[in-house]
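Chemist: Same order as they appear, the protein sequences are chains A and Z.
Using full-length UniProt numbering, the first residue of the first sequence is number 1, and each one after it goes up by one.
Using full-length UniProt numbering, the first residue of the second sequence is number 1, and each one after it goes up by one.
A portion of the hints provided could be inaccurate.
List of simulated lysine-lysine pairs, DSBU-like, C-alpha gap at most 30 angstroms [as the list claims (entries may be wrong)]:
1) A:Lys37 <-> Z:Lys37
2) Z:Lys37 <-> Z:Lys61
3) Z:Lys48 <-> Z:Lys61
4) Z:Lys37 <-> Z:Lys48
5) A:Lys37 <-> Z:Lys62
6) A:Lys62 <-> Z:Lys48
7) A:Lys48 <-> A:Lys62
8) A:Lys61 <-> A:Lys48
9) A:Lys48 <-> A:Lys37
10) Z:Lys37 <-> Z:Lys62
11) Z:Lys48 <-> A:Lys37
12) A:Lys61 <-> A:Lys37
13) A:Lys62 <-> A:Lys37
14) Z:Lys48 <-> Z:Lys62
15) A:Lys61 <-> Z:Lys37
Derived from the structure by calculation, the hints contain no laboratory data.
Keep in mind it's a predicted model, so treat the numbers as computed, not measured.
There are 2 protein chains.
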Amino acid sequence: MQPDDSLPTVADESAPTTRCRILATANTFFHEIGYQKTTVADIARALKMSPANVYRFFDSKKAINEAVLERLIGEVEALVAAIADRAGLTPTERLVTAIESLHGHSMDRYERYPRIHEMVEAAMGESWDVCRHHVARVTAVFERIIREGVRTGEFDTPDPALAAGCVHVGVIRYTHPLLVGQPVLPPVPPLQAMIDFLLRSLAPRRG
Amino acid sequence: MQPDDSLPTVADESAPTTRCRILATANTFFHEIGYQKTTVADIARALKMSPANVYRFFDSKKAINEAVLERLIGEVEALVAAIADRAGLTPTERLVTAIESLHGHSMDRYERYPRIHEMVEAAMGESWDVCRHHVARVTAVFERIIREGVRTGEFDTPDPALAAGCVHVGVIRYTHPLLVGQPVLPPVPPLQAMIDFLLRSLAPRRG
Numbered sequence: 001m002q003p004d005d006s007l008p009t010v011a012d013e014s015a016p017t018t019r020c021r022i023l024a025t026a027n028t029f030f031h032e033i034g035y036q037k038t039t040v041a042d043i044a045r046a047l048k049m050s051p052a053n054v055y056r057f058f059d060s061k062k063a064i065n066e067a068v069l070e071r072l073i074g075e076v077e078a079l080v081a082a083i084a085d086r087a088g089l090t091p092t093e094r095l096v097t098a099i100e101s102l103h104g105h106s107m108d109r110y111e112r113y114p115r116i117h118e119m120v121e122a123a124m125g126e127s128w129d130v131c132r133h134h135v136a137r138v139t140a141v142f143e144r145i146i147r148e149g150v151r152t153g154e155f156d157t158p159d160p161a162l163a164a165g166c167v168h169v170g171v172i173r174y175t176h177p178l179l180v181g182q183p184v185l186p187p188v189p190p191l192q193a194m195i196d197f198l199l200r201s202l203a204p205r206r207g
Numbered sequence: 001m002q003p004d005d006s007l008p009t010v011a012d013e014s015a016p017t018t019r020c021r022i023l024a025t026a027n028t029f030f031h032e033i034g035y036q037k038t039t040v041a042d043i044a045r046a047l048k049m050s051p052a053n054v055y056r057f058f059d060s061k062k063a064i065n066e067a068v069l070e071r072l073i074g075e076v077e078a079l080v081a082a083i084a085d086r087a088g089l090t091p092t093e094r095l096v097t098a099i100e101s102l103h104g105h106s107m108d109r110y111e112r113y114p115r116i117h118e119m120v121e122a123a124m125g126e127s128w129d130v131c132r133h134h135v136a137r138v139t140a141v142f143e144r145i146i147r148e149g150v151r152t153g154e155f156d157t158p159d160p161a162l163a164a165g166c167v168h169v170g171v172i173r174y175t176h177p178l179l180v181g182q183p184v185l186p187p188v189p190p191l192q193a194m195i196d197f198l199l200r201s202l203a204p205r206r207g
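Okay, chain A solo, but in the shape it has when bound (with noise of 0.2 angstroms):
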């Protein structure tokens, strides 16, 4: 049997859990003074740690940023997907609660955590990657139930990855941390005008 490299060696055994407390001690600088100021010389001095032991493990702060990013994005995803998965609902309803769901994740933590923006501007301008392979990701489990939509004849399109993507883009404004919490008043319609709007757009065409 061929070792798996993706597991930790015994050497790295404590690995894990130090990147662990990095991220966890970054992740909370990060919400209570932000990412701009924050430094590596502070996440390692809250963890008795030297600065070079912290950059052992992560060669940046941006390396930091992305981590604690990629944690973050990935309970989102976690919700979403389970969302597309769960038994008793239509493609439509599955659809709109994975909208909402978004939405109501977004503007959770943009209220508990407004310097949360800091973090996703700077990710959007040093770590274009993330933010692209969450998009794709969320994308993908759109596109998942607009097929089985098309498939039960709820849905009717003829590019399910590129409806996926355009409903996605669509709530962007409702979803979006950058502009999540700037209040939704007309002519900016609530949310439930504009998913009905998307799926009009999805309806099946009759004659």
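Here the structure of chain A is known, so what remains is to put chain Z in place on it, guided by the hints.
Modeler: Only chain Z this time, still in chain A's reference frame:
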């Protein structure tokens, strides 16, 4: 005949000029060194004025930012309104052209002045009304185009104002100054695909 209150009186004659010079200078500073780093003292010094004199025209940096933004925004609104009135275009062509023009204008500004983000971010936090009025005015133009399309039978929607809001919000990824600089790569659909998806929602149902 009643005097027109919107015109400057003789005593105010020099006021618009000084106001304009302050705004033009502020605009240059905001674009070159950014909104956060620009001070009222910088603007005053560049104009060989005292800061107190600047404050005679604008009571805060926020007020200067609002006026600079209103000017920039006014250009975009004029552009979109002109498209809505352009002869020889169908309502669909007007809507598509108006959206493409919002996108092009926003991209162009982003490419030439990446620091404009700072101004817009500040406005979203401090002068939300300026942003909201802009959205309202552009959406009102979209509504006008959609009403015309309903009249000609090209569009079908029970609520043109709401539909206009949905179309405007639906293209925000391609027009919002905070997002427009991010690369449009899969799974983000190209703008034209997004417009087609939104138009499909407005299309009359057969049968």
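Chemist: Each hint: holds or not?
Modeler: To see whether the hints hold, each was checked on the structure:
1. Annotation: proposed proximity of Lys37 (chain A) to Lys37 (chain Z) holds, straight-line Cα distance about 17 angstroms (limit 30 angstroms).
2. As the CA atoms of Lys37 (chain Z) and Lys61 (chain Z) are separated by approximately 11 angstroms, the hinted pair is consistent with the 30 angstroms bound.
3. Proximity of Lys48 (chain Z) to Lys61 (chain Z) is assessed by CA-CA distance (about 18 angstroms); at most 30 angstroms being required, the pair is judged to hold.
4. Taking the CA atoms of Lys37 (chain Z) and Lys48 (chain Z), the gap is near 19 angstroms; set against the 30 angstroms cutoff, the hint holds.
5. Annotation: proposed proximity of Lys37 (chain A) to Lys62 (chain Z) holds, straight-line Cα distance about 24 angstroms (limit 30 angstroms).
6. Restraint check for Lys62 (chain A) and Lys48 (chain Z): not satisfied, since their Cα atoms lie roughly 43 angstroms apart, outside the 30 angstroms limit.
7. Of the supplied pair hints, the one linking Lys48 (chain A) and Lys62 (chain A) holds, its CA atoms being roughly 21 angstroms apart against a limit of 30 angstroms.
8. For the suggested pair Lys61 (chain A) and Lys48 (chain A), the alpha carbons sit about 18 angstroms apart, so the restraint of at most 30 angstroms is met.
9. Of the supplied pair hints, the one linking Lys48 (chain A) and Lys37 (chain A) holds, its CA atoms being roughly 19 angstroms apart against a limit of 30 angstroms.
10. Simply put, Lys37 (chain Z) and Lys62 (chain Z) have alpha-carbon atoms about 13 angstroms apart, close enough for the 30 angstroms limit, and the pair holds.
11. A threshold of 30 angstroms between alpha carbons decides the hint, and for Lys48 (chain Z) with Lys37 (chain A) the separation of about 35 angstroms lies outside it, so the pair is violated.
12. With a CA separation close to 11 angstroms, the supplied pair Lys61 (chain A) and Lys37 (chain A) stays within the 30 angstroms bound.
13. Simply put, Lys62 (chain A) and Lys37 (chain A) have alpha-carbon atoms about 13 angstroms apart, close enough for the 30 angstroms limit, and the pair holds.
14. Only pairs whose Cα atoms come within 30 angstroms are accepted, and Lys48 (chain Z) paired with Lys62 (chain Z) is accepted, the gap being roughly 21 angstroms.
15. Restraint check for Lys61 (chain A) and Lys37 (chain Z): the C-alpha separation of about 24 angstroms stays at or below 30 angstroms, so the hint holds.
Checked against the numbered hints above, the structure breaks hints 6, 11 and satisfies the rest.
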